[in-house]
Amino acid sequence: MTFFEPKKARSRRNEIRGEVRRDRPGPVKKLVDQAGSVRGERGMLTLTVAITFAVIASSILMLRPRVVDYRPGQVTTEPVFARVEFDVLDEQRLGQARQRAADAKPRVYRPADDDPFAKLEDDLLASPSRSTGLMQDQLAGDATQKVGLVTVFDANDGAALARLQGFTGERAGQWQRSVRLYVDALRDLGLILLPADAAAEDGRQPIQLESGQIVLAGQRLALPADEATRQEIERRVNGAAFEAFGELLYPKIVAFTSQTLQPTVVPDLAATARVRGEASARVPESAGELVYREGQRLLPRGHRLDESDWQLLRAENDSYRASLGNRVWFERTGLAGLAILLTVAMSAYVLHYRPKIAANPSRAAGLATLLLGCLLIAQLAALGTGSLVLLALGPIFLAGITLSVAYDGRFALGIGGLLALLVTLALGQGVGFFLVACAGLLPACLMPGEVRTRSRLIEVGGTVGIIAGAAALVAGLARMEPLSYLLASSAWAALAGFGAGGLVLCVLPFIERAFRITTGLTLLEYLDHPLLRRLAMEAPGTYNHSLQVATISEEAAKAINADGLLCRVACYYHDVGKLRKPEYFIENQRANEAAGGNDPVPRVGGENPHLSLNPSMSLLVITGHVKDGLAMAREWGLPRAFLPFIEQHHGTTLVEYFYREAVQQQQRRLEAAGDGPLEPDVAEGDYRYPGPRPRSRETAIVMIADTCESACRAMADPTPTRLESRVSDLVQKRLLDGQFDECPITMGELEIVKRSIIKSLVGIYHGRVPYPEDKPTAVTPAATMIGVRPSVPSTAVG
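If you count the sequence shown from 1, you need to add 1057 to reach this note's numbering.
These aren't lab readings, by the way, just hints derived from the structure by calculation.
There may be inaccurate statements among the hints.
In silico BS3-like cross-links for lysine-lysine, where the CA-CA straight-line distance does not exceed 25 Å [to be verified]:
#1 1811 with 1615
#2 1816 with 1790
#3 1413 with 1615
#4 1811 with 1790
#5 1638 with 1615
#6 1615 with 1790
#7 1203 with 1162
#8 1816 with 1615
Model, not experiment: these values are computed from the prediction.
Construct the complete structure from the given sequences, taking the supplied hints into account.
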């Protein structure tokens, strides 16, 4: 125990720890070193992205002074007073003033389409002929023979009937002159007769004729006429009727006129709307302005705001901002400084946890665009009267889920938290809003993980909505908001979470393209692909090898928390380049039984392709499957995430079989030439794969799994002990060869990967009890192996 250690030993140990701490780079130095690693043209482009982000974020924050503290539906906790004298346009008051101006204009009337006096004239002219043959006793009751003027006759009007009937024949001209004299006199009276509905709508208001003449209520009459109106018409036409028809007939003429005369004018709706619209437009906006004095109370305590109250507060805020003059630049400078500080914080966080983004300007631009878009949506929502909770929290949750899918939960949580802080500053909200945003960000960033099903994003959105709604409810209770507004805010917060999850699901393909990622949903689509089916038909051995490597790699990746699904699906396509020349690879060849299986490389049918080639040419064919695989992957539109596996699964390893073959051929030529025991000068570097070496944990795992599966398949007796020894040797060989120098895999993770691969291979190459045969045969250990044991190491054929 340390307590019983000698003082000298403890001092030496503390001294060593101090030296380690001094040599260990601090966080600032480490950050500076990482920033220094991003150099050249890409570094300048990334720096440009960061500066552009700061400038645009500052511009968005400049809109903050226009944000009103209260929202419609909220209740004021304190009285609101005017900070400066201002006037505000009351739309309702202006509308009322304009309506009054429009209503003051009389309705416009135009002449009736059918002249009522002409119709009266026709009826009167035809009355004598219509009364011919009508007897006095037929005037009583409702006789059907009573037409025209006769309709106003009764049983006591026999003399008048006889007089009317006398205006036929030679006296017809006298009757016509009397009728025309009477109608002309009526026209000269200037009677204004309105339809009953129009007169009732106008009431006692004046009207305007199409000619521009204003007619007062006392100068017009309404038809059909009531008793009082008929008496007024009879009074006005009485004199003209007496002069034209004499004492005996004029009462009947007057009565008939009052009963049959039609309206002389009708409403002109288009002209009325035009006149009233012009009158309304002439009312100035000043008629709706209200002036508030400095210190005047605008809203009392406990007042529930509506739309008009919000407009009043916005007008007061704009007037106050205008009164500040040059002092507004102090605030703008502060907002710009906050934007720059948060930009620096985001840049440092990205540089520390995701340096690849800093080294890739396109990814940096995509991240900046996502954050600025979310900030802009939230800021624009605050300028209006819409739900601040929905349109401010929703983009924050959307960014959190998107970054979690594109990168990882820790990175998404850090950037999402800084975005939530930036949005809180932009909207001028308090701690409660920030805590609600952080509460929703936690599940939004930590839950997505590996998205393999669509329902996963729906579950994430639902969880975010529930937590955000509960957080908004608690925050509202702490602020003592009214119940209705509190419940509405909680519902909007929950909807923001649900909407963010659904929106990410809809735009997931665009997210993958923007951030150059491949999600589990896309990977699962490539489990069944035409290129994979072609591989199974044309290169069945390679296809079977790929399936085995995929299974082994997935389990090994899971053991160290790497992307197991990516390893699995990418392994299906890592050797797809062998489709160009499948017969040159050992796993696609059948042993030549006729030759006793003694060929160095098993062949299909006839001559072995490699027997007619030099080792250098065979090397080009074998290593060419990497370049061919990249070309085919791009040709078939495979995800970019597959390309590193195709390119790096061999790294820069040595193609041992053909290297040794070249060495042996050169040795034989030297011996044949009698040059003695000279050493061959075949360069080992000429017989290596072009690389690059693995640059991620996943590609390193696939390299190990690919090598171990091929080598163990060639073992004659793959017992667990021999499999463990073989895998350990291969991993150690790749490690000493420097194949893992460029990937972030650790020694501890290599050990875990090795044990996982051994476990998988033992499960694959387990022994089996032979089936009984009719004739007993000797069973050798080699009878239990899977496949045919080739005579060439797997490294010789890729």
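A quick look at each hint next to the structure:
| no. | hint | verdict |
| --- | --- | --- |
| 1 | 1811 with 1615 | holds (13 Å) |
| 2 | 1816 with 1790 | holds (20 Å) |
| 3 | 1413 with 1615 | holds (23 Å) |
| 4 | 1811 with 1790 | holds (13 Å) |
| 5 | 1638 with 1615 | violated (33 Å) |
| 6 | 1615 with 1790 | holds (23 Å) |
| 7 | 1203 with 1162 | violated (46 Å) |
| 8 | 1816 with 1615 | holds (13 Å) |
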